[in-house]
Amino acid sequence: MSVPHIIGASVPRKEGRDKVTGAARYVDDMVLPGMLHGATVRSSVPRGKIKNISFGPGVDWNEFVVVTAKDIPGKNCIALILDDQPCLASETVNHAEEPILLLAHADRHKLRNAVEAVTIEYESLPSVHTMEESERQSTIIWGDDNILKRYLVEKGDIDAVWKEAAHIVEGEYFTGAQEQLYIENNGVIAAFDPGSGVTVWGSLQCPYYVHKALMALCGLPEDKVRVVQMETGGAFGGKEEYPSMIAGHAALLAIKSSKPVKIIYDRTEDMVATTKRHPSRTRHRTAVSKDGKILGGEIEFTIDGGAYATLSSVVLSRGTIHAGGPYYWPSVRIRTKAVATNTPPHGAFRGFGAPQSLFALERHMDRIAQVVGISPIEVRQRNFLKTGQTTTTEQTIQEQIDLHRLLDRALELSDYHAKKTRFAEENKNGLRKKGIGIAAFLHGAGFTGSGERYLNSLVGVEAGVDGVVRVLVSSAEFGQGTNTILCQIAAEALGLPYENVAIAQPDTTVVPNSGPTVASRTAMIVGKLVQSAATGIKLTLAKAGVLAGDYTAEQFRAACREYIAKHGELKSYVRYESPGDVFWDDEKYRGEAYAAFAWAIYIAEVTVDLTTYSVTVDDFVALQEIGKVLNPVLAEGQITGGVAQAIGFALYENVVWQHGRMLNNQMTNYIMPTSVDLPPIRVFFEEHGNVHGAHGAKGIGELPMDGPAPAIVNAVEDALGLRFDSIPLLPEDLYEALRDESVDQAVPSPVRGMA
Amino acid sequence: MNSLPENDSKGEVSFLVNGRETKLLAHPMERLLDVLRNNLGLTGTKEGCGEGECGSCSVLLDGMLVNSCLVPVAQASGASIVTIEGISTHDLMNPLQEAFLECGGAQCGICTPGMILAAVHLLEKKPEPVLADIREGLAGNLCRCTGYMQIFEAVANAVRRKVAK
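Residue numbers (the numbering used here), protein chains in the order written: chain A, 4 to 758; chain B, 22 to 186.
For the record, the hints were derived by calculation from the structure and aren't laboratory data. Warning: the hint list may mix true and false statements.
The calculated lysine-lysine pairs, modelled on DSSO-like cross-linking and capped at a C-alpha distance of 27 angstroms, are [said to hold, decoys possible]: (1) A/LYS54 <-> A/LYS78; (2) A/LYS259 <-> A/LYS78; (3) B/LYS146 <-> A/LYS113; (4) A/LYS113 <-> B/LYS44; (5) A/LYS152 <-> A/LYS591; (6) A/LYS166 <-> A/LYS293.
Here chain A is said to cover these stretches of chain B; the calculated rule only asks that three of the stretch's residues, wherever they fall, bring their Cβ under 8 angstroms from a Cβ of chain A [stated by the list, open to error]: (7) 71–83; (8) 121–134.
By construction, the Cβ of each residue, glycine as well, lies at the ideal position given by its N, Cα and C atoms.
Make a model of the complete structure from these sequences and hints.
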C-alpha cells in the first residue's frame with residue numbers, strides 16, 4: 004500500500020494533544036484513596052555522626068508514620084553501580100541534605116510542621132568541599148584515597164613528542180555545577196500490598212533502574228515490584244538515578260503504613276538535595292608543530308563526584324572519551340578521575356561529562372591558535388579527524404565525515420568572515436564590544452564500549468484485533484520525543500498510518516527492559532530494535548499465510564484478527580545483538596567507544612556591554628550531522644532546547660555553595676534563560692546516515708549541550724581580547740577581569756590583538 | 022507549600038471557574054493553585070517553583086495573567102478564573118493549542134498550560150504581536166525544554182490561523 008513516508012515527517016507528538024490541553028497525567032495529578040503525603044528529614048551538616056534524634060513537643064507523633072534505616076526490609080542502599088549510597092543514613096552522614104528519616108501524614112501542612120519539629124544532633128567530622136582538598140587526601144572521606152574512579156587512555160608515545168614540538172601550549176579550564184531545572188520536580192507515589200508487593204508511579208527516566216533499586220531495598224523478588232512511569236515534566240538526566248532514592252522513600256513509608264504514600268518535592272528541596280552536573284577541572288598540555296598541528300598531548304580531567312559513587316564512573320568515562328574532541332591526536336595520555344567531596348552526589352545531566360571536557364578542549368584550541376599565530380578556523384582545519392583516522396581510544400572512524408565541509412557551511416551560515424572583520428573595526432570605539440566564536444565537537448551515541456552488550460535490551464511490538472500496533476519499551480518520554488519517533492519507526496516498518504501505532508505506558512509489568520532512557524541511545528539503539536520487532540509482526544503474519552505482499556491498513560487489521568483468533572496474541576520481541584566487529588577493552592580503555600558519533604560546528608555571536616558587564620548572545624548557528632532526521636520539528640526542538648540550556652551553563656547558571664550545600668536553591672536566585680535572553684537559535688542538519696541506527700539515525704539529545712559554552716566564551720575572548728577559562732562566566736567575572744585589565748594597561752596582555 | 026495554621030476555620034469562597042459558578046470551603050490563605058488542583062480537580066494548572074518565578078501555574082484572573090501559587094484563594098473571591106481546561110472544548114482546541122502541537126511548542130508539557138495561557142493573554146492585549154512582543158509577553162513563563170524558539174513560532178502560527186479565519 005502507498006502510505007507516505009512517516010520517517011522524516013513532522014508528525015505531531017503522540018501525547019501532544021494531552022499536553023496542550025492540560026489533560027496529561029503527571030504524578031502529582033494522581034490521587035489514590037487513603038493516600039498519605041511523605042516528607043524527608045535531612046542532615047543539616049556536611050559530615051558527622053548521628054548522636055541523637057528527638058521528636059519535639061507540639062506535634063502528636065502518634066498520627067505520623069515514622070521510618071528510619073531500621074525499618075528497611077532489604078539492603079540499605081540505592082542499588083546502581085557500587086551500592087555505596089544508603090537510602091537513609093543510619094550512623095553517619097556524608098553530605099548536607101542527606102536523607103535520615105521519613106515522615107508521612109494525610110495532611111501536608113501538619114507534615115511540614117512535623118519535619119521542622121525533628122531535631123538531630125551530630126558529632127561533626129571534618130569535611131571536604133573542593134576537588135583540591137579531596138586530592139590532598141589529608142581527610143579521607145571515601146575509600147582509601149577519596150577517588151571514586153580513574154581512567155587512563157594512552158595512545159602512541161607521548162613522552163617522545165615534546166622535543167619535536169615547536170610550541171607547548173598549556174591551559175587549565177573549569178566548569179561549575181549546573182542544576183537540571185526540569186520544571187516538574189521529582190515526585191512519586193508508592194503503594195504496598197502484601198500479596199502483590201510494591202508499586203511505584205513516578206516522574207522518571209529509567210523504570211528498570213528504579214525496579215532494581217526497589218528489589219534490593221525492599222528485599223522483594225522481581226515480580227513483587229512494579230514501576231510505572233507517569234508523564235514526566237522534563238528530566239535531562241536529573242531523573243536518571245535520583246528517582247530510585249525518592250521511590251525507595253515512598254515505598255518504605257507505604258510498607259510501614261500499608262497506605263499509598265505520595266512524595267512530591269517542592270522546588271527548594273529538589274534543588275538543594277538532588278543531583279547536578281559534575282563540576283570539572285581540565286588541564287591541557289599540548290605539543291604543537293610550527294604550523295599548528297597537534298603532535299600529542301597530556302590531558303588531565305577531574306570531576307567532583309560528591310559524597311557517593313552513584314554514576315560518577317560513567318560520567319567520567321564519557322568525559323574521558325570526548326576529551327580529545329573531533330581532532331586527530333597522533334599520541335595522547337588522558338588521565339582522569341572522579342573525586343569525592345561532602346556534597347550531595349553529582350549525577351547525570353545531558354551530555355554526561357562531555358560538555359565539561361569539550362569546553363576545555365574547545366577553549367584550548369583557540370589558545371593553541373593564538374600561540375601559533377593562526378586563526379581559530381585554521382587550527383581546527385589542521386587537526387580535524389578524517390575518515391580512516393583513529394580517535395584517542397584508537398577507534399577508526401568508518402563514517403564518511405567531512406568536517407572541513409561542515410565547518411565551511413557553518414562559516415557561511417553565520418557570515419563569519421564578514422562579521423569578524425566588521426567587529427574588529429567597530430570594537431575600536433564604544434562600550435559595546437562584539438565577538439564571534441566557534442566550537443567543533445562530536446557526541447557518541449549509545450552506551451560506551453561494551454555497555455550496550457551488557458544492557459542486552461529487549462523490545463516488543465504487539466498488534467491487536469483492531470489492527471492497532473503497540474510499541475512495548477521501557478524507554479520513557481520526557482519531552483524529547485521518544486513516543487513519537489518510536490511510533491514513526493514502527494509505522495514505517497509496517498507500512499501503516501502513524502495513527503494506527505501507539506506506545507505503551509512504561510510499566511514494568513507490561514513492557515520489557517529496553518534499557519534506560521539515557522546516553523542518546525533511544526533513536527539509534529532502541530529505534531533499530533523497534534524497527535526489527537515491527538518487521539517481525541509483518542513476517543509472522545506472512546508466514547501464517549494471512550497477509551501477503553502489499554496490503555492496506557484494513558487488510559492488516561483483518562490479518563491481525565485472523566491470526567489472533569487462532570493463536571491468542573500477536574507479539575514480536577527483538578533483543579539487542581552487538582555488531583560482531585566491535586572491539587572494546589575495558590581495562591585499557593581502548594577500542595570502539597561508540598557505534599556512531601554525531602558531529603557539529605556551532606558558531607556564537609556575542610555582545611559584551613562594558614557598562615553592565617553583561618554578555619548577550621546575538622546570533623547562534625547550530626549545524627550538525629546526525630545521520631538521519633526522523634522528525635524535523637522534534638529534532639530541531641532538541642537542538643534549540645539543548646543550546647538554550649548550554650547558554651545557561653555558559654553565562655547564567657551559578658550554583659553557590661556553602662559547606663557543601665547549595666545556597667541559591669530557588670528559581671529566584673538560580674537564573675536560567677528566559678524568552679527574552681536567547682538569540683535566534685538557527686538549526687541546520689546534515690544527514691549522512693549510520694548503519695547502526697533506525698533509518699540511519701544517530702543520537703541527538705545530548706549533542707547540543709556540548710558546543711555552545713566554548714563557542715560563547717571564544718566569542719567573548721574575540722570581543723575583549725581577554726581570556727576566560729571558567730564557566731559560568733558572570734558579569735562579576737567580566738567586571739573583575741576588565742578592572743584588572745585597566746590597572747595593567749601599560750603591560751599588554753599576551754593574548755590581546757592576536758584573536 | 023505554605024504552612025497554614027491548623028485550626029483556622031475555613032470560609033466559603035465563590036467564583037466563576039471556566040465560566041461555571043463555583044462555591045467551596047477553603048482556608049482564605051490557601052493558594053488558588055491548590056484549590057484549583059485539589060478541590061476542583063483542575064490538574065492542568067502545574068506547580069513549578071511555588072514562588073511566582075516559573076509561570077507554570079499561570080491562570081487568568083478577571084483577564085489578568087497571574088501565578089496561582091501566589092494568589093490566596095480569598096483574593097479570588099468573586100473573580101472569573103480561566104484555566105487551561107477552560108480554553109477549549111472537548112472537540113475543539115484553541116488555535117494556540119493547535120499551533121503549539123503543530124510547531125513543537127510543547128515538549129515535556131509541564132510549562133505548556135501556563136505558557137498557553139500567557140499566550141492567550143498576550144493575544145488578547147495584542148492580537149498581532151511582533152516577535153519582540155511575543156518574547157516580552159512570555160517572559161514570565163520558563164521553559165527548560167524548547168529554548169522557546171518553537172513556542173514563538175507557535176504563537177505566530179496561531180495569529181495566522183486567527184487572521185485566516
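Structure-based check of each hint:
Using a Cα cut-off of 27 angstroms, the hinted pair A/LYS54 and A/LYS78 holds, with the two alpha carbons roughly 22 angstroms apart. Pair hint A/LYS259 plus A/LYS78 holds up; C-alpha atoms about 16 angstroms apart against a cutoff of 27 angstroms. Among the hinted pairs, B/LYS146 with A/LYS113 is inconsistent with the structure: their alpha-carbon atoms are about 42 angstroms apart, more than 27 angstroms. For the proposed pair A/LYS113 and B/LYS44, the alpha carbon gap of about 25 angstroms is at most 27 angstroms, so the pair holds.
Simply put, A/LYS152 and A/LYS591 have alpha-carbon atoms about 14 angstroms apart, close enough for the 27 angstroms limit, and the pair holds. Between A/LYS166 and A/LYS293, the direct Cα distance comes to roughly 13 angstroms. Compliance with the 27 angstroms bound is thereby established for this hinted pair. Three residues within the 8 angstroms Cβ limit are the bar, and the region 71–83 of chain B against chain A gives 5, so the coverage statement holds. With a threshold of 8 angstroms between beta carbons, the proposed coverage of the region 121–134 of chain B by chain A holds, since 14 of its residues qualify and at least three are required.
In terms of the numbered hints stated before, the structure departs from hint 3 and from no other.
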